[in-house]
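Colleague: Single-letter residue listing:
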Amino acid sequence: MEGGNGEELAVGCVLSLRTTLGDEIEGQIIAYDRPSNILVIQEGSSKAGPRRNIRLLKANYIQDFTYLRKAEDPIDPNKCYIDLAGLQAREEASLRQAEIEAERIGVGVTSEAQSIFDALSKTLPVHWDKTIIVVMNEVRVSSPYLPENVTGGTPAANDRVKKVLDFERKRLQARGPG
Amino acid sequence: MSSQKLMQRMNLQQGRPFANGYSGRRVDTVMGTRTESKTQVRKSASPNFVSTNGTRVGRPASPSRDRLIYVLTCLVGHHVEVHVKNGSIISGIFHATNADEDFEIVLKMAQVIKDGSVKERKSDHDSIKKPQPMVIPARELVQVLAKDVSLGDEFTPGQSCENQKDLMIDSVISHSHHLETERELAPWMPDEDDPECPELENIFDGTFDRKWDQFETNEALFGVKSTFNEELYTTKLERGPQMRDLEKLALKIAREIEGEETQDLHLAEERGFSYHDDFDLDEESRYSAVRREVIGSGLRENENSDMEAYGSGIFAGSLGLVTSESCSDSLSKKNGNEAQASCNETQASSTSSSVVEEAFLHTLADKDLGLSSVDANSELKSDCIAQSSSLDDEIRLDDNQIKDQGGKSRRMAIQDSQTSDDVNMSIKLEEVIISAPLYDPSSSSQGNIITESSDSPVRGKLPAASESVDPPIRQVSSTSYSEYAHAELNRPFSSPSTSCGSLSSEKSTLNPNAKEFKLNPNAKSFTPSSSVRLHAAVPDGSFYQASNVNAVQHMHGLPLGVGVAPSFSHQPVFYNPQAAQIQSPQAYIHPNGPVYGQQMIVGQHPQFYYVQSYPPEMPHKGRKF
Numbered sequence: 000m001e002g003g004n005g006e007e008l009a010v011g012c013v014l015s016l017r018t019t020l021g022d023e024i025e026g027q028i029i030a031y032d033r034p035s036n037i038l039v040i041q042e043g044s045s046k047a048g049p050r051r052n053i054r055l056l057k058a059n060y061i062q063d064f065t066y067l068r069k070a071e072d073p074i075d076p077n078k079c080y081i082d083l084a085g086l087q088a089r090e091e092a093s094l095r096q097a098e099i100e101a102e103r104i105g106v107g108v109t110s111e112a113q114s115i116f117d118a119l120s121k122t123l124p125v126h127w128d129k130t131i132i133v134v135m136n137e138v139r140v141s142s143p144y145l146p147e148n149v150t151g152g153t154p155a156a157n158d159r160v161k162k163v164l165d166f167e168r169k170r171l172q173a174r175g176p177g
Numbered sequence: 000m001s002s003q004k005l006m007q008r009m010n011l012q013q014g015r016p017f018a019n020g021y022s023g024r025r026v027d028t029v030m031g032t033r034t035e036s037k038t039q040v041r042k043s044a045s046p047n048f049v050s051t052n053g054t055r056v057g058r059p060a061s062p063s064r065d066r067l068i069y070v071l072t073c074l075v076g077h078h079v080e081v082h083v084k085n086g087s088i089i090s091g092i093f094h095a096t097n098a099d100e101d102f103e104i105v106l107k108m109a110q111v112i113k114d115g116s117v118k119e120r121k122s123d124h125d126s127i128k129k130p131q132p133m134v135i136p137a138r139e140l141v142q143v144l145a146k147d148v149s150l151g152d153e154f155t156p157g158q159s160c161e162n163q164k165d166l167m168i169d170s171v172i173s174h175s176h177h178l179e180t181e182r183e184l185a186p187w188m189p190d191e192d193d194p195e196c197p198e199l200e201n202i203f204d205g206t207f208d209r210k211w212d213q214f215e216t217n218e219a220l221f222g223v224k225s226t227f228n229e230e231l232y233t234t235k236l237e238r239g240p241q242m243r244d245l246e247k248l249a250l251k252i253a254r255e256i257e258g259e260e261t262q263d264l265h266l267a268e269e270r271g272f273s274y275h276d277d278f279d280l281d282e283e284s285r286y287s288a289v290r291r292e293v294i295g296s297g298l299r300e301n302e303n304s305d306m307e308a309y310g311s312g313i314f315a316g317s318l319g320l321v322t323s324e325s326c327s328d329s330l331s332k333k334n335g336n337e338a339q340a341s342c343n344e345t346q347a348s349s350t351s352s353s354v355v356e357e358a359f360l361h362t363l364a365d366k367d368l369g370l371s372s373v374d375a376n377s378e379l380k381s382d383c384i385a386q387s388s389s390l391d392d393e394i395r396l397d398d399n400q401i402k403d404q405g406g407k408s409r410r411m412a413i414q415d416s417q418t419s420d421d422v423n424m425s426i427k428l429e430e431v432i433i434s435a436p437l438y439d440p441s442s443s444s445q446g447n448i449i450t451e452s453s454d455s456p457v458r459g460k461l462p463a464a465s466e467s468v469d470p471p472i473r474q475v476s477s478t479s480y481s482e483y484a485h486a487e488l489n490r491p492f493s494s495p496s497t498s499c500g501s502l503s504s505e506k507s508t509l510n511p512n513a514k515e516f517k518l519n520p521n522a523k524s525f526t527p528s529s530s531v532r533l534h535a536a537v538p539d540g541s542f543y544q545a546s547n548v549n550a551v552q553h554m555h556g557l558p559l560g561v562g563v564a565p566s567f568s569h570q571p572v573f574y575n576p577q578a579a580q581i582q583s584p585q586a587y588i589h590p591n592g593p594v595y596g597q598q599m600i601v602g603q604h605p606q607f608y609y610v611q612s613y614p615p616e617m618p619h620k621g622r623k624f
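The listed protein sequences correspond, in order, to chains A and B.
Numbering-wise, numbering that gives the first Met the number 0 puts 142 at position 143 of the first sequence, and it's gapless, one number per residue.
Numbering-wise, numbering that gives the first Met the number 0 puts 143 at position 144 of the second sequence, and it's gapless, one number per residue.
I should point out that these hints are in silico values taken from the structure, not numbers from a laboratory.
There may be inaccurate statements among the hints.
Derived SDA-like pairs: lysine to any residue, alpha-carbon spacing no greater than 20 Å straight-line [to be verified]:
id : chain 1 : residue 1 : chain 2 : residue 2
1  : B       : LYS129    : A       : LYS78
2  : B       : LYS129    : A       : SER93
3  : B       : LYS84     : A       : GLY21
4  : B       : LYS113    : A       : THR19
5  : A       : LYS78     : B       : VAL148
6  : B       : LYS129    : A       : GLU100
7  : B       : LYS113    : A       : VAL106
Just chain A, with the same shape it has in the complex (with noise of 0.2 Å):
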């Protein structure tokens, strides 16, 4: 929607608006740039409190909106700080916890053994090597994962995740396809 009338895009303007790609939504206008034709949004948040769900969206992919009402600035600009030292300490350790959450996920495996896998993990150490999952850094399964395939450690530490494994291949069952 190009050349919006500036008056309907002001800040603290709660608006309706519906998107190309079929999102509807609803929420309060923080700031609308112009030239990047990027127009942000705040909606409420699921958490109480002063958290917002954002959303920036490209103008252009407004299909169309209704104006509701007006409101206040959401933001107050007086008071508007960044806390560099804090956002960065925020993205290292978003970082390290994503990295820490993408070991847990085997590369080039399926599904099928991506639950297995996280089945495991609740109550035994495991990790990926490749598309093995090795258990207690001892005990190896392998693809399709099946209790044959349990293979490796002591005889104690193979029946143990045999077992396990076979718990968690009939709970899945179970729960059926997710």
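Put chain B on the given structure of chain A with help from the hints.
Modeller: Chain B only, in chain A's frame:
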């Protein structure tokens, strides 16, 4: 705030107009190449654009752009989803954007979670790609979604930082990210109304059914044979004609006990007594705080057992003093000849000491004072506990009587204490000592426990303490200590440490012939030119100065500090872990090293060892600790 200011501020903070968390170093190269290689798609500024403040401003300073940049900056490090033109959704951590240009989005650890270009359904053999950094060009960008963003304008910077640090909730810590496929939860209903399962709501309504035997029921239902025999766990009750009387008696005693007034907070609460003084005891002090003995106040919440030990120890220490000094004088006068010397002593000492205690409980209501003297006297503890045990036994018993005799004995004790300087000093010391959190007659039970625990090691030593042979030694040392105390410390209550130290000489291995320590401010500072061996002729028990270079240097730096500090802690302080082996009161002679002998130990305080300057040519004979 004008747009100029915001721009300036952001520039200052960021260093460059990149809306990313860094000052743009790492990403610069990426961004640089990217922006150069791309054709810029710009939308021309519409002439209709009216900014919020009503003036038309040029692009670089536009407040709207500033806002956009601000919001994007707040998103750095946040998990976002980017929708792109072909319907795909990419999820990742927002890292940067080129705010100068057209706002393409740089994500880290990004993954395509919904691929709009794949037409067919995902089969089982779909693979998940590893997360990697991704750049979404501006022309592909449809929208960026970020959940639960705190925009930072609600709080002060410090606060917002705090808020952004997510609280470590359990689920975060345990990383239960793998959501299980949710089951449909249904409320539990019993299968049928089983007559054997009583309604849960009514379970407590029924009267106590004495006839129901759980074991019978269990056996009947499940065939489980029980081997439970109640008498294995409790006294066998003789159920006979006397039962009723016994029951009555038991109830009476129980009521008596429960009705007893108590100073203990918890007991009082249980029994329903509203606690007398303070109503401003908050939950913490009532239920969770460590309770410490408070001097002079009526609140005897809960004596810290250590304090108690100190108290009784110090108390006894003072008693020991009193015993030695005034026992033979005033107290023998007062009490005449008792059967045994020790009995005489303990009685006498208990009398006078409790007298003094009483006196000074009143005079020294200062908790801090008392506590500080406790700290000061902490070293007295283990020594003085030696004397305390049997004395305390007496004290316990004679408590009430003592209080009555208070005034009389006090006078006498004090008079006699003035007969000699030493005695005077020791009385003063003991006064101080007693003022330490102590002996609360009403909580004597606790005191008893402590003293009883120290009973055994102490009994053997006490007779030694009571011998009159010792007083001379004690007097000597107390003189020296008192002088030391005056010289060294401003606090009048420092002396107890020394005086009680004198007591310790009987039972500990302190060197009774040690000379008094005199601080020599002109002492040459010791600098080890080579590794010089430090000898500590350990007067033992107390303070061993490690003979390696490091320790020396450390020691040297604070001669006074070292000298003073240990006097407050009776526990032997070992800087050298091997010092514990050295217990003999003689000079420690290293087989290879030079023998320094007693004359090298100048100004040695029995409680610690002060290292004076060493001639630099003393070689270190190589024993490294």
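Colleague: The structure should be examined with respect to each hint, and the outcome stated for every one.
Modeller: These are the hints, each one checked on the structure:
Between LYS129(B) and LYS78(A) the CA atoms are separated by roughly 40 Å; this puts the pair beyond 20 Å, and the hint is violated. About 16 Å separates the Cα atoms of LYS129(B) and SER93(A), which keeps this hinted pair within 20 Å; it holds. Between the alpha carbons of LYS84(B) and GLY21(A) the distance comes to roughly 12 Å, so the proposed pair stays at or under 20 Å and holds. With a CA separation close to 17 Å, the supplied pair LYS113(B) and THR19(A) stays within the 20 Å bound.
Note on LYS78(A) and VAL148(B): the hinted pairing holds, with a Cα-Cα distance of about 16 Å set against a maximum of 20 Å. The straight-line distance between the Cα atoms of LYS129(B) and GLU100(A) is roughly 11 Å, inside the 20 Å bound, and the hint therefore holds. Straight-line distance between C-alpha atoms of LYS113(B) and VAL106(A) comes to about 17 Å, which keeps the hinted pair within the 20 Å bound.
Violated hint: 1 only; the structure is consistent with all others.
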